[in-house]
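Protein chains in written order, with the working numbering: chain H, 1 to 297; chain Y, 1 to 249.
It is worth saying that the hints were derived from the structure and are not from the lab. By construction, the Cβ of each residue, glycine as well, lies at the ideal position given by its N, Cα and C atoms. One or more hints might be untrue.
To be verified - Derived BS3-like pairs (lysine-lysine); straight-line CA-CA distance at most 27 Å:
#: 1; chain 1: H; residue 1: Lys10; chain 2: Y; residue 2: Lys79
#: 2; chain 1: Y; residue 1: Lys97; chain 2: H; residue 2: Lys10
#: 3; chain 1: Y; residue 1: Lys49; chain 2: Y; residue 2: Lys27
#: 4; chain 1: Y; residue 1: Lys49; chain 2: Y; residue 2: Lys215
#: 5; chain 1: H; residue 1: Lys192; chain 2: Y; residue 2: Lys97
#: 6; chain 1: H; residue 1: Lys10; chain 2: Y; residue 2: Lys136
Claimed, not checked - Examples of chain H residues toward chain Y, derived with CB under 8 Å:
#: 7; residue: Asn3
#: 8; residue: Ser4
#: 9; residue: Ile204
#: 10; residue: Lys206
#: 11; residue: Val208
#: 12; residue: Ala210
#: 13; residue: Phe214
Claimed, not checked - Far from chain Y by the CB rule (all over 12 Å, computed), these chain H residues:
#: 14; residue: Phe28
#: 15; residue: Met47
#: 16; residue: Tyr92
#: 17; residue: Tyr145
#: 18; residue: Val181
#: 19; residue: Met196
#: 20; residue: Arg293
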Amino acid sequence: MLNSIIYSIKQAFIQGGRNRAMSLASIFSITAMLLILSVFFILMVNMNVAVESAKQDYETIQIYLLDETTQEETEKILDAIAAMPEVDDIYYLSKDDALAQWKADWGDSAYLLDSLPANPLPNALVVSVGELADADAVVEQAQQYSGVEDIMYYRETVEKLVKVTNSLQIAAIVIMVFLVVVSIVVVSNTIKLTVMARSHEISIMKYVGATNWFIRGPFLVEGIIIGLISAAISVVLSAFIYSRVIAVVGQDIFLMMGIPMVPVSFLVFNLVFIFVALGVSIGACGSIISMRRFLDT
Amino acid sequence: MIEFKNVTKRYRSSKGLNVGLEDVSIKINKGDFVFLVGPSGAGKSTFIKLIMKEIEADSGSIKVNGMEITNLSNRLIPKLRRSTGIVFQDFRLLPKKTVFENVAFAMEMVHMSRRAIRRQVPQVLSLVGISDKAHKYPDELSGGEQQRVAIARAIVNSPTVLIADEPTGNLDQETAWEIMRLLEQINLRGTTIVMVTHAHDIVDKMGKRVVAIDKGRVVRDDVGMYSDGSETPEHQGMYQGGVFGYYAK
Ligand SMILES: Nc1ncnc2c1ncn2[C@@H]1O[C@H](COP(=O)(O)OP(=O)(O)O)[C@@H](O)[C@H]1O
Ligand SMILES: [Mg+2]
Numbered sequence: 001m002l003n004s005i006i007y008s009i010k011q012a013f014i015q016g017g018r019n020r021a022m023s024l025a026s027i028f029s030i031t032a033m034l035l036i037l038s039v040f041f042i043l044m045v046n047m048n049v050a051v052e053s054a055k056q057d058y059e060t061i062q063i064y065l066l067d068e069t070t071q072e073e074t075e076k077i078l079d080a081i082a083a084m085p086e087v088d089d090i091y092y093l094s095k096d097d098a099l100a101q102w103k104a105d106w107g108d109s110a111y112l113l114d115s116l117p118a119n120p121l122p123n124a125l126v127v128s129v130g131e132l133a134d135a136d137a138v139v140e141q142a143q144q145y146s147g148v149e150d151i152m153y154y155r156e157t158v159e160k161l162v163k164v165t166n167s168l169q170i171a172a173i174v175i176m177v178f179l180v181v182v183s184i185v186v187v188s189n190t191i192k193l194t195v196m197a198r199s200h201e202i203s204i205m206k207y208v209g210a211t212n213w214f215i216r217g218p219f220l221v222e223g224i225i226i227g228l229i230s231a232a233i234s235v236v237l238s239a240f241i242y243s244r245v246i247a248v249v250g251q252d253i254f255l256m257m258g259i260p261m262v263p264v265s266f267l268v269f270n271l272v273f274i275f276v277a278l279g280v281s282i283g284a285c286g287s288i289i290s291m292r293r294f295l296d297t
Numbered sequence: 001m002i003e004f005k006n007v008t009k010r011y012r013s014s015k016g017l018n019v020g021l022e023d024v025s026i027k028i029n030k031g032d033f034v035f036l037v038g039p040s041g042a043g044k045s046t047f048i049k050l051i052m053k054e055i056e057a058d059s060g061s062i063k064v065n066g067m068e069i070t071n072l073s074n075r076l077i078p079k080l081r082r083s084t085g086i087v088f089q090d091f092r093l094l095p096k097k098t099v100f101e102n103v104a105f106a107m108e109m110v111h112m113s114r115r116a117i118r119r120q121v122p123q124v125l126s127l128v129g130i131s132d133k134a135h136k137y138p139d140e141l142s143g144g145e146q147q148r149v150a151i152a153r154a155i156v157n158s159p160t161v162l163i164a165d166e167p168t169g170n171l172d173q174e175t176a177w178e179i180m181r182l183l184e185q186i187n188l189r190g191t192t193i194v195m196v197t198h199a200h201d202i203v204d205k206m207g208k209r210v211v212a213i214d215k216g217r218v219v220r221d222d223v224g225m226y227s228d229g230s231e232t233p234e235h236q237g238m239y240q241g242g243v244f245g246y247y248a249k
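With these hints in hand, go ahead and build the complete structure from the sequences.
As structure tokens, this is what we get:
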């Protein structure tokens, strides 16, 4: 077993070296595929983070109180709503706390808020409901109080957001699957050339009783190595490019949308796993497919 | 031991069905030396391919060394092939490997240790009489020497059956006889030999069992001469124009 593995690895390097141009062509195509994949991946991850953070904001119902509303009345409203079975959580957010939080969110850019003439934010009750569908009941209840100025909630917005992201995700997955299939075809065609160059040797291997897996071994390893090299190149390239992108536009995006971009370290960590898994499977599937015809009998 | 029972194999082609073998029943015992003769297209290669399980029979039963191989799982095909060595008319050596490496290759393919390889390859090279050529490449050898390497490769894993598909077809008469003596020697060690040939004089002088196939059927099975005189003139003409007819000119 161990001998067979060592044999396969040795042979893989020998034949990969002999077909250096073809191996490089394969690595080039898989790397290109993985880089396109990583663009989709980066967009998806950032979109997900944005959507999650938007959902958190929008899944709460904000009950804005008139400035005149007394503390007594505020507590009455709070207790009544807290008693509703639909409500998960409710808390009071004073206008000063709200402004402080806003400033904290903006971090380095908070000085922009210093120019506000007065605190424009109302005192509020922030309600979380377990199910978005329960929000209507809470809104109805809250509307009955005269101390309530306005009720902000975004059931439809959240539902639309979820729908849009779901279809974007499906589209992205379809494109990724397509790219993976294309990569497998590319690798299998490359390896098929190696296999054909050695078809005489393979027929002798079969005559002397080599098992199909033993015959496949070197080609399988060759495919896996091609996949791994492509994965390594792709991770390094995408990390580098992404970190440049963050350096250039990260700040602007944060200012525009109030959401930070996913950090490079998170991306690299995930891409390493995804690319290695993809590279190895593309290489392995490609080589197994390329050999199918030669191992029928 | 090889046993065919009512074996039929037909090939589908654009012109309909070609008969490969038709209802063939035959038994070859362990240690036998059998010549398989017949005109081109008779079904000789089909017979060999069925033994090696390169192709599937349509019906009937085939046993090799007591193992029924007609519905053998793919996983067990390598085991079958390790018990059956094969040599061809065109030698089929690996040109970039030395003689030693060509023979060692067959052992590497079945996971033999380096030590076993270093011990057995020289032994088998000496058995086939080319010890001094171990580090030469195939294109530095004569046809007879190349066929000896092919035989060494076929027997190095000690198969019980050695199949030879026209092993002397590319060799001159004298070299052909050297190969025949080698095959006889291997047969004396207990290896069953099935040899396809068109060489009348070899079959006639060896005096071994002769199985004649024509149009997919066994038409003769006895000990003796290449032809028993019953063949049609058309076939006789073909036999006389065979390889040795050519060399005789
Ligand atoms: N792959 C194939 N497809 C179609 N017909 C075939 C195939 N192989 C052999 N045959 C036919 O089967 C018959 C027997 O062939 P074969 O066993 O090769 O004969 P031999 O080896 O005795 O010359 C011939 O008529 C040949 O045309
Ligand atoms: Mg033939």
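Structure-based check of each hint:
1. H:Lys10 / Y:Lys79: Since the Cα atoms of lysine 10 (chain H) and lysine 79 (chain Y) sit roughly 25 Å apart, the hinted pair holds (cutoff 27 Å).
2. Y:Lys97 / H:Lys10: holds, 16 Å
3. Y:Lys49 / Y:Lys27: holds, 16 Å
4. Y:Lys49 / Y:Lys215: Roughly 16 Å separates the two Cα atoms, so the pair holds.
5. H:Lys192 / Y:Lys97: Holds, at about 22 Å.
6. H:Lys10 / Y:Lys136: holds, 24 Å
7. Asn3: Holds. Min distance 6 Å.
8. Ser4: holds, 6 Å
9. Ile204: Status holds, d = 6 Å.
10. Lys206: Holds, because the Cβ-Cβ distance from lysine 206 (chain H) to chain Y comes to roughly 7 Å (cut-off 8 Å).
11. Val208: holds, 4 Å
12. Ala210: With a closest approach of 4 Å, the alanine 210 (chain H) hint holds.
13. Phe214: It holds, given that the least Cβ distance between phenylalanine 214 (chain H) and chain Y is near 7 Å, below 8 Å.
14. Phe28: holds, 28 Å
15. Met47: holds, 47 Å
16. Tyr92: Given that every Cβ of chain Y is farther than 12 Å from that of tyrosine 92 (chain H), nearest at about 72 Å, it holds.
17. Tyr145: At about 77 Å from chain Y, tyrosine 145 (chain H) clears the 12 Å cut-off, so the statement holds.
18. Val181: holds, 27 Å
19. Met196: It holds; methionine 196 (chain H) is separated from chain Y by about 16 Å at its closest Cβ, greater than 12 Å.
20. Arg293: Given a closest Cβ separation of 14 Å, the condition holds.
When held up to the earlier numbered hints, the structure conflicts with none and fits them all.
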